[in-house]
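Engineer: Sequence:
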Amino acid sequence: MIRNLILAGVSVLGLSTAAFAASDVKVQEVKVEADLSAIQNPEAAKVFTNLSEDLRGAILNRLDPNALVDKDGQKIKIDIDEVELASTWANLADLSKSQLTGKVDVRPDDGDGLKFDNYVLTVAYPQAKAFLPEGTDVSALDKDAMVYYHAMVNAFADYVVTNLK
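In terms of the numbering used here, the sequence shown has 35 at position 35, counting the first letter as 1, and numbering is strictly consecutive.
What the hints contain is simulated information worked out from the structure, not anything from laboratory work.
Any given hint could be a false lead.
Computed list of lysine-lysine pairs in DSS-like fashion (alpha-carbon distance at most 27 Å, straight line) [what the hints assert, rightly or not]:
{"#": "1", "residue 1": "Lys-31", "residue 2": "Lys-71"}
{"#": "2", "residue 1": "Lys-165", "residue 2": "Lys-129"}
{"#": "3", "residue 1": "Lys-46", "residue 2": "Lys-31"}
{"#": "4", "residue 1": "Lys-97", "residue 2": "Lys-129"}
{"#": "5", "residue 1": "Lys-75", "residue 2": "Lys-31"}
{"#": "6", "residue 1": "Lys-77", "residue 2": "Lys-103"}
{"#": "7", "residue 1": "Lys-31", "residue 2": "Lys-129"}
{"#": "8", "residue 1": "Lys-103", "residue 2": "Lys-75"}
{"#": "9", "residue 1": "Lys-31", "residue 2": "Lys-165"}
{"#": "10", "residue 1": "Lys-75", "residue 2": "Lys-165"}
{"#": "11", "residue 1": "Lys-129", "residue 2": "Lys-77"}
{"#": "12", "residue 1": "Lys-97", "residue 2": "Lys-46"}
{"#": "13", "residue 1": "Lys-97", "residue 2": "Lys-77"}
{"#": "14", "residue 1": "Lys-71", "residue 2": "Lys-165"}
{"#": "15", "residue 1": "Lys-165", "residue 2": "Lys-77"}
{"#": "16", "residue 1": "Lys-77", "residue 2": "Lys-46"}
{"#": "17", "residue 1": "Lys-103", "residue 2": "Lys-46"}
{"#": "18", "residue 1": "Lys-46", "residue 2": "Lys-129"}
{"#": "19", "residue 1": "Lys-71", "residue 2": "Lys-103"}
{"#": "20", "residue 1": "Lys-165", "residue 2": "Lys-103"}
{"#": "21", "residue 1": "Lys-31", "residue 2": "Lys-77"}
{"#": "22", "residue 1": "Lys-103", "residue 2": "Lys-129"}
{"#": "23", "residue 1": "Lys-31", "residue 2": "Lys-103"}
Okay, the calculated beta carbon distance ranges per label pair [said to hold, decoys possible]:
{"#": "24", "residue 1": "Tyr-119", "residue 2": "Ser-37", "range": "21 to 29 Å"}
{"#": "25", "residue 1": "Asp-72", "residue 2": "Glu-43", "range": "40 to 48 Å"}
{"#": "26", "residue 1": "Ala-130", "residue 2": "Lys-31", "range": "20 to 28 Å"}
{"#": "27", "residue 1": "Tyr-119", "residue 2": "Glu-53", "range": "21 to 29 Å"}
{"#": "28", "residue 1": "Lys-31", "residue 2": "Val-83", "range": "15 to 23 Å"}
{"#": "29", "residue 1": "Asn-118", "residue 2": "Pro-42", "range": "31 to 39 Å"}
Beta carbons are placed, not taken as given, at the ideal position from N, Cα and C, and that holds for glycine.
Could you build the full structure based on these sequences and the hints that come with them?
Structural biologist: In structure tokens, the structure reads:
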């Protein structure tokens, strides 16, 4: 089942599975929460409709399939800041002000306190720009540009996976 989710993430987001996390990292669970009902602007909520699934898929995509375990793995939980999402949508005309923010909580299932991690992650335009397809005309991006949405999701996922202990 988990491998199917990984393949679905590859096809939806067009991600490469070449950059896996360290092989000694074991992950049992990835949860992403975004309360879209908290976003007052219906157009903004529509843009971010699949954010939880897309971010979860991007994280799973970056993990070695052998790192996905049923027990004794890390549990990753991300709570996206919905207010920041609405602000990002409103400021998409000025990409330098857009960002994706969430609280990241990584807990080991085995009780190893050295692997526990908790931080607030903000990915902004400079980080997302690196994940835009080559040749993307940044000046042409607007609120409907899903390519920028995917760049933000990929930048966020990349940071989370790269920093697993």
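Engineer: It remains to establish, for every hint, whether it holds in the given structure.
Structural biologist: These are the hints, each one checked on the structure:
For the hint linking Lys-31 to Lys-71, the alpha-carbon distance of about 15 Å falls within 27 Å, and the restraint holds. For a cut-off of 27 Å, the pair hint linking Lys-165 to Lys-129 stands: about 26 Å separates their Cα positions. A C-alpha spacing of about 20 Å is found between Lys-46 and Lys-31, which places the hinted pair at or below 27 Å, so the restraint holds. A hinted pair counts as satisfied when its Cα atoms are at most 27 Å apart, and Lys-97 with Lys-129 qualifies at roughly 13 Å.
Straight-line distance between C-alpha atoms of Lys-75 and Lys-31 comes to about 8 Å, which keeps the hinted pair within the 27 Å bound. Pair hint Lys-77 plus Lys-103 holds up; C-alpha atoms about 8 Å apart against a cutoff of 27 Å. This hinted pair checks out: Lys-31 and Lys-129 have alpha carbons roughly 25 Å apart, not beyond 27 Å. In summary, the hint linking Lys-103 to Lys-75 is supported, as the alpha carbons are separated by about 14 Å, within the 27 Å threshold.
For the hint pairing Lys-31 with Lys-165, the CA-to-CA distance comes to about 18 Å; that is within 27 Å, so the pair holds. A threshold of 27 Å between alpha carbons decides the hint, and for Lys-75 with Lys-165 the separation of about 12 Å falls inside it, so the pair holds. Between the alpha carbons of Lys-129 and Lys-77 the distance comes to roughly 25 Å, so the proposed pair stays at or under 27 Å and holds. Restraint check: the Cα-Cα separation between Lys-97 and Lys-46 comes to about 20 Å, which is no more than 27 Å; the hinted pair holds.
Proximity of Lys-97 to Lys-77 is assessed by CA-CA distance (about 26 Å); at most 27 Å being required, the pair is judged to hold. Among the hinted pairs, Lys-71 with Lys-165 is consistent with the structure: their alpha-carbon atoms are about 17 Å apart, no more than 27 Å. For the suggested pair Lys-165 and Lys-77, the alpha carbons sit about 15 Å apart, so the restraint of at most 27 Å is met. For a cut-off of 27 Å, the pair hint linking Lys-77 to Lys-46 stands: about 23 Å separates their Cα positions.
For the hint pairing Lys-103 with Lys-46, the CA-to-CA distance comes to about 22 Å; that is within 27 Å, so the pair holds. Between Lys-46 and Lys-129 the CA atoms are separated by roughly 23 Å; this keeps the pair inside 27 Å, and the hint holds. Restraint check for Lys-71 and Lys-103: the C-alpha separation of about 23 Å stays at or below 27 Å, so the hint holds. Simply put, Lys-165 and Lys-103 have alpha-carbon atoms about 17 Å apart, close enough for the 27 Å limit, and the pair holds.
With a C-alpha separation of about 5 Å, the suggested pairing of Lys-31 with Lys-77 holds against the 27 Å cut-off. Only pairs whose Cα atoms come within 27 Å are accepted, and Lys-103 paired with Lys-129 is accepted, the gap being roughly 22 Å. Pair hint Lys-31 plus Lys-103 holds up; C-alpha atoms about 12 Å apart against a cutoff of 27 Å. A hinted range of 21 to 29 Å holds for the C-beta pair Tyr-119 and Ser-37, which are about 26 Å apart.
Checked against the hint of 40 to 48 Å, the C-beta distance between Asp-72 and Glu-43 comes to roughly 43 Å, which is consistent with it. The hinted window of 20 to 28 Å between Ala-130 and Lys-31 holds, with their beta carbons roughly 26 Å apart. For Tyr-119 paired with Glu-53, a C-beta distance near 23 Å keeps the hint of 21 to 29 Å intact. In this structure the hint that Lys-31 and Val-83 lie 15 to 23 Å apart at CB holds, the actual value being about 20 Å.
For the pair Asn-118 and Pro-42, the beta carbons lie near 32 Å from each other, so the given range of 31 to 39 Å is met.
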